[in-house]
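Sequences listed follow chains Y and E, in order. Just remember that this note's numbering sits 834 ahead of the position in the first sequence, which is counted from 1. Just remember that this note's numbering sits 14 ahead of the position in the second sequence, which is counted from 1.
Keep in mind that the hints were calculated from the coordinates and are not lab data. Check each hint, because a few of them may be wrong.
Stated by the list, open to error - Listed next, the in silico SDA-like pairs over lysine to any residue satisfying Cα-Cα at most 25 Å (straight line):
1. K935(Y) x T1143(Y)
2. K59(E) x G880(Y)
3. K845(Y) x D260(E)
4. K866(Y) x R256(E)
5. K986(Y) x Y61(E)
6. K243(E) x P894(Y)
7. K92(E) x R1039(Y)
8. K1026(Y) x P68(E)
9. K866(Y) x P259(E)
10. K1053(Y) x T1143(Y)
11. K1095(Y) x P68(E)
12. K935(Y) x R962(Y)
13. K294(E) x L158(E)
14. K1089(Y) x N944(Y)
15. K986(Y) x P111(E)
16. K1096(Y) x K59(E)
17. K117(E) x P1042(Y)
18. K862(Y) x K59(E)
19. K243(E) x R1039(Y)
20. K289(E) x D169(E)
21. K862(Y) x R926(Y)
22. K1000(Y) x S977(Y)
23. K855(Y) x D257(E)
24. K243(E) x M900(Y)
25. K72(E) x E1013(Y)
26. K421(E) x R363(E)
27. K862(Y) x W258(E)
Said to hold, decoys possible - Covered, in the sense of this in silico footprint (three residues per stretch, anywhere, with C-beta under 8 Å from a C-beta of chain E), are these stretches of chain Y:
28. 882–891
29. 973–986
30. 1033–1040
31. 1179–1188
Note that CB positions come from ideal geometry on N, CA and C, so glycine has one too.
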Amino acid sequence: MTETCQYLNFKTEEEFPDLSKHNNHMAKVLTKEIYGKLRDKQTPSGFTLDDVIQTGVDNPGHPFIMTVGCVAGDEESYEVFKELFDPIISDRHGGYKPTDKHKTDLNFENLKGGDDLDPNYVLSSRVRTGRSVKGYTLPPHTSRGERRAIEKLSVEALTSLDGEFKGKYYPLKSMTDAEQEQLISDHFLFDKPVSPLLTCAGMARDWPDARGIWHNDNKTFLVWVNEEDHLRVISMQKGGNMREVFRRFCVGLQKIEEIFKKHNHGFMWNEHIGYVLTCPSNLGTGLRGGVHVKLPKLSTHAKFEEILTRLRLQKRGTGGVDTASVGGVFDISNADRLGSSEVQQVQLVVDGVKLMVEMEKKLEKGEAIDSMIPAQK
Amino acid sequence: MANSFTRLMSGRNAAVVLASLGAGTMATGFLMSENGTLAADTKKKLYPPSADFPDLRKHNNCMASALTPAIYAKLRDKLTPNNWTLDQCIQTGVDNPGHPFIKTVGCVAGDEESYEVFAELFDPVIKDRHNGYDPRTMKHPTDLDASKITHGMFDENYVLSSRVRTGRSIRGLSLPPACSRSERREVERVVVTALAGLKGDLAGRYYSLGEMTEQEQQQLIDDHFLFDKPVSPLLTCAFMARDWPDARGIWHNNEKTFLIWINEEDHTRVISMEKGGNMKRVFERFCRGLKQVEKLIQERGWEFMWNEHLGYILTCPSNLGTGLRAGVHVRLPKLSKDPRFSQILNNLRLQKRGTGGVDTAATGNVFDISNNDRLGKSEVELVQLLVDGVNYLIECEKRLEKGQDIKIPAPVPQFKK
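For reference, chain Y alone in the conformation it holds in the complex:
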């Protein structure tokens, strides 16, 4: 310490963020007491409480959704900063308790039906999840060396796949113009995050180093490397055969996981929070299964929101999380991530969408749908 160096012992109150105008899960949970207790801790890789909450401090609120306002920098974050994460997890995931156990079920055969959604209404079907690779820190915290190691391992795993999963990797920093055009037309290309929710969490650092897209030749199975999570895995196709989408999703995931395990870098998972991902909102299954579906009449019905809530579904615009719907076409997906399994969540989507399409058809005929409104699932 130099004489002029003011390593003032700033008190908790002096360091505590001003959250008076904030509306996110972190701001609702973080008290001076919790902050005081956790401010001097760090995970083994050096991630601190301030690192965890920076995105929530910098982004007071979001127009469409209640954001989480914090991220994990590594697997251990959820343990070291338990006092902050547990209540946020409970708020976000329907009262999930620190003692609760999460069930994982990637056996697609347990799904009932799902192969007969009416393609006149259901335009496309998609299931996505994320996976984190053990032994590395997460996107808010990774160094360039780590991110490249994750990429290397991921590419090795993915390029070893064959059959329906045979495909190719396109690194963001070296794809040709032609490849880029194609990926954009296929709606596969992800770009440098512009959302401050992500940039303030440090996830866009060093862009586009070690980021890329892998997809199978059939263009029905796609993996994003080093975007908001180590891996985002997506199975998709036009039409309403969610069963087939889910089958390919489960089979592909399990094949990939085997290869990572062989390299001693399995996926981060534990029996309390399931698959460990960067954002607490994606814990559990990390699964968002959804469809693009035409519901012009139902979406203007007074009970639309209520129906969605009871079916445990959410709506988004067809551009994704930060958009509004266009032309009566909605993105409908499961709202839950933690506390129910993959099969259960996709089942809710399949059953719920089937019901809503039937309601739409009834409304087209000028009939009432009140008797069809379901009980809370």
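Got chain Y sorted already, so can you dock chain E onto it with the hints?
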């Protein structure tokens, strides 16, 4: 950062030598414990500097020109006393390969010590940016005696406004890229307390960004005083927008001719300005105000960051030395269309910007003309250069109006040897 003492103890700084593990291999299997955690020091061994060296092949900034794998390897694991790292210094340059109008610097300091701990990077960057200035051997002159300025009153048919700005950092507190919320609030407290002591034509008041009323905000916008949350990725990638608008604000005197920004890109930005061409008076107020503020903080045991090699220490290496940009908004309709315009500016050591500031192009025929240099010449020298240069430009404009020819002036000499 308040917690740095705790962090210094946690081993991040101390861990260097482990038994050699065969550096560079990806065989992590046997190193991982059952649940797969890796301590920070083990991680360092797994990822030699070469694994982390940024890909700068598409980059064009001073940092990318200076940073070699050898320098990176030497500096990667070093920490300043505030736990600031090389990676943090260079993040903005890695994330922003280039800028359409200017060659950017591409690195920032997190604290005063950054310039010393990471000297092997900052010295060549400083040399590149400041015309060959060598911080190891050269000394920077500071001179805030405004009475020395001559011919500092411009023809107001051409010069619409005059302005001088600089920055000042409070010694002992981390800089905007690195500061914690409490440090930033301390900067605000120290400066606002001092400014409350200003009197006479300098007396004024403070407007906290987070607490100003709608009316106050509108007034500050109309006066062209209000600064907003940075949107430029050059700044956001350097972590300068964190916790916005906490502890940010604007202070100005009642006459609206002396203005201070708190906790934007530097601890403080100090601005003296007025309509018209009286640059001498603008500079005189600038010097007087700065000296008074300095006295007021010294009375409470604080001081500005300054040393004899780098002058005033600021966040961006481009602002070292004087941190001074003296400029005018000037009409040059004929001269600006003359193909020799750029060369003339160059030789006079001046730069042009649009009237919206650094990232804008000119509108109409009005240009922002200011000094290029910051380090190696004193405040008085730089303002005199600006004064002489602008007078010359006006002369050229007048000659062109009369259909006379103009001459490219001889280049202004660099540093005194």
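These are the hints, each one checked on the structure:
Taken as a hint, the K935(Y) and T1143(Y) pair is honoured in the structure, with Cα atoms around 24 Å apart against an allowance of 25 Å. Restraint check for K59(E) and G880(Y): satisfied, since their Cα atoms lie roughly 16 Å apart, inside the 25 Å limit. Of the supplied pair hints, the one linking K845(Y) and D260(E) holds, its CA atoms being roughly 17 Å apart against a limit of 25 Å. For the hint linking K866(Y) to R256(E), the alpha-carbon distance of about 20 Å falls within 25 Å, and the restraint holds.
Straight-line distance between C-alpha atoms of K986(Y) and Y61(E) comes to about 14 Å, which keeps the hinted pair within the 25 Å bound. At most 25 Å may separate the alpha-carbon atoms for a hinted pair to count; K243(E) and P894(Y) meet this at roughly 14 Å. The suggested pairing of K92(E) with R1039(Y) holds, with an alpha-carbon distance near 20 Å, which does not exceed 25 Å. Taking the CA atoms of K1026(Y) and P68(E), the gap is near 17 Å; set against the 25 Å cutoff, the hint holds.
With a C-alpha separation of about 20 Å, the suggested pairing of K866(Y) with P259(E) holds against the 25 Å cut-off. For the proposed pair K1053(Y) and T1143(Y), the alpha carbon gap of about 33 Å is over 25 Å, so the pair is violated. For the given pair, K1095(Y) sits about 29 Å from P68(E) by alpha-carbon distance, which is inconsistent with the 25 Å threshold. Proximity of K935(Y) to R962(Y) is assessed by CA-CA distance (about 22 Å); at most 25 Å being required, the pair is judged to hold.
Note on K294(E) and L158(E): the hinted pairing holds, with a Cα-Cα distance of about 12 Å set against a maximum of 25 Å. Among the hinted pairs, K1089(Y) with N944(Y) is consistent with the structure: their alpha-carbon atoms are about 18 Å apart, no more than 25 Å. The suggested pairing of K986(Y) with P111(E) holds, with an alpha-carbon distance near 24 Å, which does not exceed 25 Å. Under the criterion of a C-alpha separation no larger than 25 Å, the hint pairing K1096(Y) with K59(E) is consistent with the structure, at around 23 Å.
Pair hint K117(E) plus P1042(Y) holds up; C-alpha atoms about 21 Å apart against a cutoff of 25 Å. Taking the CA atoms of K862(Y) and K59(E), the gap is about 40 Å. The hint is violated against a cut of 25 Å. Annotation: proposed proximity of K243(E) to R1039(Y) holds, straight-line Cα distance about 20 Å (limit 25 Å). About 12 Å separates the Cα atoms of K289(E) and D169(E), which keeps this hinted pair within 25 Å; it holds.
For the hint linking K862(Y) to R926(Y), the alpha-carbon distance of about 11 Å falls within 25 Å, and the restraint holds. As the CA atoms of K1000(Y) and S977(Y) are separated by approximately 30 Å, the hinted pair breaks the 25 Å bound. With a CA separation close to 12 Å, the supplied pair K855(Y) and D257(E) stays within the 25 Å bound. Restraint check for K243(E) and M900(Y): satisfied, since their Cα atoms lie roughly 23 Å apart, inside the 25 Å limit.
Distance restraint check for K72(E) and E1013(Y): the Cα-Cα separation of roughly 19 Å lies within the 25 Å cut-off, and the hinted pair is therefore satisfied. Proximity of K421(E) to R363(E) is assessed by CA-CA distance (about 16 Å); at most 25 Å being required, the pair is judged to hold. Our distance criterion of 25 Å between C-alpha atoms is met by K862(Y) and W258(E), whose separation comes to about 19 Å. A count of 4 residues in the region 882–891 of chain Y with a Cβ less than 8 Å from any Cβ of chain E is obtained; the coverage claim is therefore met, three being the minimum.
Restraint check on the region 973–986 of chain Y versus chain E: 7 residues with Cβ-Cβ distances below 8 Å, three needed, restraint holds. For the region 1033–1040 of chain Y, the assignment as covered by chain E holds, since 5 residues bring a beta-carbon within under 8 Å of that chain's beta-carbons and 3 suffice. Note: the region 1179–1188 of chain Y has 0 residues with beta-carbon separation from chain E under 8 Å; the three-residue rule is not met and the coverage is violated.
Hints 10, 11, 18, 22 and 31, counting from the list given before, are not met by this structure.
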